[in-house]
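Engineer: Spelled out, the chains give:
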Amino acid sequence: MEVFKNVLCPFCGCCCDDLEVEVDSNKIINVKNACALGRGKFLSIGEHRLLKPLVKVDGELVETDLEKAVEKTVEMIKNSSYPVFYGFGCASCEAIKLCLEMADLSGGLADNISVVCHGPTILGLQDMGIPSATLGQIRHRADLIVYWGCNPVEAHPRHTIRYGPLSSGRFVTGRKSRRMVVIDVRKTPTATMADVFMQVKPNSDFEILTALRALVNDLDLEVEEVDGVPVAKLEELADMMINAKFGALFFGLGLTMSYGKEHNIEAAIALVRDLNKKTKFVMIPMRGHFNVTGANEVFTWQTGYPFCVDFSMGYPRYNPGETSAVDVIARGECDLLFIIGADPCSHLPHYIVERLKNVKLVVLDPSITPTVKMADVAIPVAYVGIEASGTAYRMDGVPLQLRKVVDPPPGILSDVDVLNRIVRRLK
Amino acid sequence: MSGKLLIKNGFVFDPVNGVDGEIMDVAVENGRIVEDVRGTDVRVIDATGMVVMPGGVDVHSHIAGSKVNSGRALRPEDHYRDYEIRRPGLRSGVGYTVPSTFVTGYRYARMGYTTVIEPATPMLKQRHTIEELNDIPIIDKASFPLMGDCWFVMEYLEKNMLKECAAYAAWLLKALKGYALKIVNPGGLESWGWGRNVRGLDDNIPGFNLTPREILRGLCKVNQMLNIPHPIHVHANRLGQPGNYQTLIETMDCVRDLYNGTKPVIYLTHCQFNSYLGESWIELSSGAPEVADYVNKHPHVVIDIGQVIFSSATTMTADGPFQFQLHLLTDYKWVNADVECETSAGVVPFKYKKRSYVHAIQWITGLELALLIKDPWRVFLTTDHPNAGPFTEYPRVVGWLISRKAREATMKKVNARALKRTMLDSIDREYNLYEIAIVTRAGTAGILGLKSKGHLGVGADADMAIYDFNPRNIDLSRDYKLVRRALRRAAYTIKTGDIVCVNGEIVKSTEGAILWVNPSVSQDLENAVVSDIRRRFRDNYTVEFENYLIDESLLINSRPLKIKGGV
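Chains as they are written, first to last, in our numbering: chain A, 1 to 427; chain B, 1 to 567.
The following block holds chain A by itself, in its conformation from the complex (with noise of 0.2 Å):
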């Protein structure tokens, strides 16, 4: 037996790389200091996996080789006429630079995830920019934790001992030397670790926010209640924030995706940042993927932008609301999408999935997912982070290193390997 340390987890954007992996013959038997999510992952790789690349043929798809399955790839972007790729949360950084480059040649368009979870985290920091930092920073400054819109109990389950409010660091030392708030429209699992709770109706963020900004600015509410809250618990919330020495701020999709998006990311911006002229306060956005915070930072140096980009003009266009990936699928103008580590049929909008009836699918996936099973080519590949190496990036930016602990199946290659295949022939 083989025991592998320090091992990076494939699951979520915390990145834990504790894990220590114990492989018997080219099979992982047992994973320490993972929670169930990433356990799960490395337990499970053999379950419903994609073994064959499958092309559809009269509607059916039938089992295939890799090198043709390649071929047609390679002919299906060359005699189309604006392809589409889309994915990355779940990618290498080398992965999703040679799928950059594809799309830089083909006069293509490149999208990931975000555009469905923290576009308007995107968004919001454009308009605004963002104060942040490293979760270590927070393990041992912040002697307040704020949680908003998410919960990490189930999400991200060893955020809080990690990095949040169990950890201990240099200068705050354990949960009893910080204070915990969770903000939520529902009492989750994270909310009943809290010191304070506060729940509020489904799509007040906004309102709750700005609320909370003109009281941290000394400014009196001439209200009894913001959207159902009463004003002196915003104002006890108001002077936690104020009190702290250190402050940080986790928010999650129930901030982005809820009415308002990256108008709710610009007001708590706005309230952190205001509250750096009393304080210090940081804010993370919660990223779900293990590497959908690696596809932004790739999408920005290579292109200037970190999603939503056209290359149909042959240089880097950046327009959300034009140029995401569900934008163009909508209008019906792309032809091609290509697709790889994501599972768009089960995650984009109904409406969206539907339209892509019309619409040629490749997709690299280690397993057979919905989107698989709709593709006109597609091709297995090795689940990276556990049968292939490569980088991604933390929620906060730091990057990490995936590390391969067993082969892949035979005959199945890691996915920058497919890719190098067919940019290679593209040239």
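Please note: incorrect hints may appear among the correct ones.
Taking lysine-lysine and the BS3-like style, the derived pairs with C-alpha atoms no more than 25 Å apart in a straight line are [claimed, not checked]:
(1) B:K354 - B:K412
(2) B:K333 - A:K245
(3) A:K360 - A:K72
(4) A:K261 - B:K333
Simulated from the structure, these hints should not be mistaken for lab results.
Given the structure of chain A, go ahead and fit chain B onto it with the hints provided.
Structural biologist: Same frame as chain A, but now just chain B:
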């Protein structure tokens, strides 16, 4: 790396070898300068009537890493008007103040620059910096890790464990593929962890029994002990504050006694931002004469100017408290990015306007520094890209240096009160091309300790720039616009013997190297220090020790420089 090349009949400017515009041939074989090349396979470039210089070496330009990328992400409006269309063999991308990686490489090569240093990278995010450097084509590059406010460094210095601190610094450079020690606002970054700053060299740093002076002196000694080719690279305290020239001089002076008469011991970067006289913004004036006077009298100091260009800029530094103050001052959008146990960072867009009193003072201060410091080997041309302006505007700065007329043309348009309160108008000095070659390549390569760069002697890297203007036929001072145009688009840029640019167009994209130093220390000391760091690593960081290291295989083109440390 191609075969043989002969550059004939150019006016060669090679200050390291004392060549001042003489007509000479330069021969290249296998990527290096050689005595002579022969054979039928020699490619000849006729440089008759052109200027031949070593490839440009930029010692301080923020081109890669997490804060640069934050700047890119923050500023779509910066990119909209400035883009590069994809051409065969080349990638598309965007500018302007924070260009995408490919465009960065192309634009430097277009100006005849072949080596560029990213001067501030947080160690925890070094992998990001390396990934971006890998994606910058053509040019050679290196990065300086931000060590000044690193907890391990501060703890060793607190206990006066200099040898251990040196071994740690050596290990860090080796493990993370860094090139020199960077110190930004010493003590101020750790204070910024609490939303505070330090006010001077003798403030106590919260949470530590240490002062900025002790960090500077400690790391300066460490740098000497390890024989690192570049001196400590310092962004001084109180950047961007009125009256800060005194702090700058104190910073220079605090390591004066460590100079042993051989090479400079401290490098002060973008000094323009640290050379302000006056108690407030209203009374702001240039402290450049005072600073220049100090530099002229003290050979232990080297500086670069950080010249302001009147254009848009994106300010980005590891100096978190400064960036926040700038945000408060301007109300522009603000990114803050603290890094645990190491540093902070901030990004704020900016625009320098000719009519603004303060901006005019900043412009004047930079030029005064360049013109009043007598020795061109100790003052270098930078714009602290993209803080005071984009690197693509270097030719404009050269224009101001070589021509009083060029300065007068700009002075006519800048704030008159600022001119009245400074002495720029009374300075007649004009740089010659020999001096320009020093402040843009020979001097910068020298202070970086890059022995094979910045000159055209036999054995040097065949990195060259050929500019299409005849220095004997024109008067630099009068025809500065012609020179400026020629410098913007090199007639030829040669990188490691490959012709990469012809008449300002990139003709070939190559992989530049990443340079890093590998200082040796005694094995016992290294083992002891590494095991100490490893033991305490989890207490400090939220990543594992093994995942902090950068494997050399991550560098597409790695070029380590082995040096013998003295501990």
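Engineer: Does each hint hold? Answer for all of them.
Structural biologist: We went through each hint and held it up to the structure:
no.: 1; hint: B:K354 - B:K412; verdict: holds (10 Å)
no.: 2; hint: B:K333 - A:K245; verdict: holds (24 Å)
no.: 3; hint: A:K360 - A:K72; verdict: holds (12 Å)
no.: 4; hint: A:K261 - B:K333; verdict: holds (19 Å)
Violated hints: none; the structure is consistent with every hint.
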